[in-house]
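Enquirer: Protein sequence lines, in the order shown, are assigned to chains A and B. Read left to right, the first sequence gives residues 0 to 158 (numbering that gives the first Met the number 0). Read left to right, the second sequence gives residues 0 to 524 (numbering that gives the first Met the number 0).
Be a bit skeptical, because a hint or two may be false.
[Stated by the list, open to error] Across the chosen pairs, the derived CB separations fall in these ranges: (1) A:G23 to B:R450: 32 to 40 Å; (2) A:A22 to B:R377: 25 to 33 Å; (3) A:T146 to B:D481: 52 to 60 Å; (4) A:S114 to B:N81: 50 to 58 Å.
[Unchecked claim] Residues on chain A that point at chain B, a partial pick, calculated with CB under 8 Å: (5) A88; (6) S91; (7) G116; (8) A134.
Just so you know, these hints were derived from the structure itself, not from any lab. Ideal Cβ positions, reconstructed from N, Cα and C, are used throughout, including at glycine.
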Amino acid sequence: MAKVEPRSATIEATIRALAEANAGRPGALLPILHAIQDELGYVPESAVPIVANVLNLSRAEVHGVVTFYHFFRTRPPGKHTLYLCRAEACQSMGARELERHVKETLKVDFHETTSDGRLTLEPVYCLGNCACSPAVMLDEDVHGRVTPERLDQLLAEVR
Amino acid sequence: MASKRTRIYVPSDTTARSVGADRVAAAIADEAARRGVEIEIVRNGSRGLHWLEPLVEVEVGGRRLAYGPVSAADVAGLFDENFHEGGAHPLALGETDAIPYLAKQNRLTFARVGLIDPLSIDDYRAHGGFRGLENAVKLDGAKIVEIVTESGLRGRGGAAFPTGIKWKTVLDTQADQKYVVCNADEGDSGTFADRMIMECDPYVLIEGMTIAGLAVGATMGYVYIRAEYPQAIRTMREAIARAEAAGCLGANVLGSGRAFHLEVREAAGAYICGEETALLESLEGKRGMVRFRPPLPAIKGLFGKPTVVNNVISLATVPIILDKGAEFYKDFGVGRSRGTLTVQLAGNVKRGGLVEIAFGHTLRELLEEFGGGTATGRPIRTVQVGGPLGAYIHPSKFDTPLDYEAFAAFGAMIGHGGVVVFDDTVDLGQQARFAMEFCAIESCGKCTPCRIGAVRGVEVIDRILAGVNEEANLTLLRELCDTMVAGSLCALGGMAPYPVMSILDHFPEALSARGPKQRAVGEVA
């Protein structure tokens, strides 16, 4: 009978497997971090020494890359992620009001997760949907011409 | 009366989907089945008339008729009026190509966008695809570079550097390996042209990059796409796989015996990686820190090898130049700005979308004839051209022609062609603050004037808006802007002050505690 491994060991084995699978690619670090985040939803701190070991880099180098890029997160996100565009085109169509509305409704600030673990709120600087502003991205789906009412509907659908 | 199956086009790009195109396509399929009407739904790309999205087209007698904006709730009514046979309906817009917004454009780079099924290689070929590459495989690298130079094409990412000259540097540099890198890190607010190419006509980018590879002797290319564009990433990956399977890409490009391989790399949400040297660092697996130049990337670029780094639009324009010739392309435009500019009308605009037009038209023509004024119906207060580092332009400058040099002459830039419209309710003091805030968030940290100056910029603007030592702080803000412009390596720190300075110069009342909003309280004019 195979012994059930503790969860952390499983995560670390997954990280190592993903790192080794991509290690041969030129400039492998970003593809590896993406693979880890795609699989686990975030890049745990325990990934840093494993990836460093596989790529023969220092931990500082890997940590530096993980923390440089806004897209990589080191804590598990909520079940869904709402990216709210804060850039100029959306500002011209009421993104600041939308931001206030969503923060008040969800009682979270940017980079925070609701207390029920359902939703993480992240800022984003342009989704390339600027002729249908304001825009948000819920997980991987972009929504345009978003009003506070429309946003409430979208959030209710993933509740 | 079982006629042959009617073809109905429902766009599938991010913008159309963001306003319900998938629900519309499903409703059309359901309603057609319910009524026993035989149709074929094609998921094309967007025509770029974004205010009309979802824009549904019906092919009747070889012509495409448009209906829009269509919601799922409209579908039953459209069938009641036989829209699938071109029936009249309040949403009917007539023949798509005759809609003035489209008819007045010069669609060269965007010739196929919205017309075809983006991933169909047959569609791509049927609409002139791969003709440029077929010509290129018969030419030597120097000849291809000569044609691109002769066309007058300049980098459409924003810097407007002549593409042919960049390619010649790479061609003339000896190395065992060279690269072609496509900068698809389209981070400027108000821009979506790159995304549209990748989602609506991905093979044109593949074709352009392959021609670049043949021209300079590179066998490997990377498309660096921002993480905020998941659909573009998926579409490009699928298109590359299909192009390889069809022999248009890979070990033996179109049977020429020459190789060019292509790979998509996903960025990770850092605006600075749209700067070409930071992008190269990122591709190498490092923090996106800006490099010193020289050496130029054309001489020592990716992994230290000679590298062509071009924007999506620049590369996607190369196939038509190789197909129709340098003279054809050069005939469009004015002065040193040759060919077409892909303008993206965005923000508070009535008719937002993609306008590809020869250089030389004025900003006012774009805003009025194409844009139709603001979405809110209020007067235009300002437009920001060229992304978050671009100036806020005063209406007195709206008669400036779209021309790189004409814009540079008054401290503005065309950049990647994004035009963000604001109505008269905009708080430009807050927009100035945001320019500094954005720079502080996105600075790579290499240059002190950018890293610290942007943070101080936010603080100084806050003090001005609060009425603390207003005169002294305004002087300080100008000095800070000068320091950032003069003391930063790249355009982020070097140009983030531009929107701030444009507000100081042209909208001085906005940067004051006694600005229009505050003045309204307790002070009757």
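Enquirer: Close enough to count: is the Cβ of A:S91 nearer than 8 Å to one in chain B?
Expert: Check passed: Cβ of A:S91 comes within 4 Å of chain B, closer than 8 Å.
Enquirer: Is it true that A:A22 and B:R377 lie within 25 to 33 Å of each other by Cβ?
Expert: violated (56 Å)
Enquirer: For the pair A:G23 and B:R450, does the Cβ-Cβ distance stay inside 32 to 40 Å?
Expert: holds (35 Å)
Enquirer: Is the hint on A:G116 kept, meaning its closest Cβ partner in chain B is under 8 Å away?
Expert: violated (23 Å)
Enquirer: At a threshold of 8 Å, is the proposed contact between A:A88 and chain B supported by beta-carbon distances?
Expert: holds (4 Å)
Enquirer: Hint check: is the beta carbon of A:A134 less than 8 Å from a beta carbon of chain B?
Expert: holds (7 Å)
Enquirer: A range of 52 to 60 Å was offered for this pair. Does it hold for the Cβ distance of A:T146 and B:D481?
Expert: Since the Cβ atoms of A:T146 and B:D481 sit about 42 Å apart, the hinted range of 52 to 60 Å is violated.
Enquirer: Between A:S114 and B:N81, is the Cβ distance one that fits in 50 to 58 Å?
Expert: holds (53 Å)
When held up to the earlier numbered hints, the structure conflicts with 2, 3 and 7 and fits the remainder.
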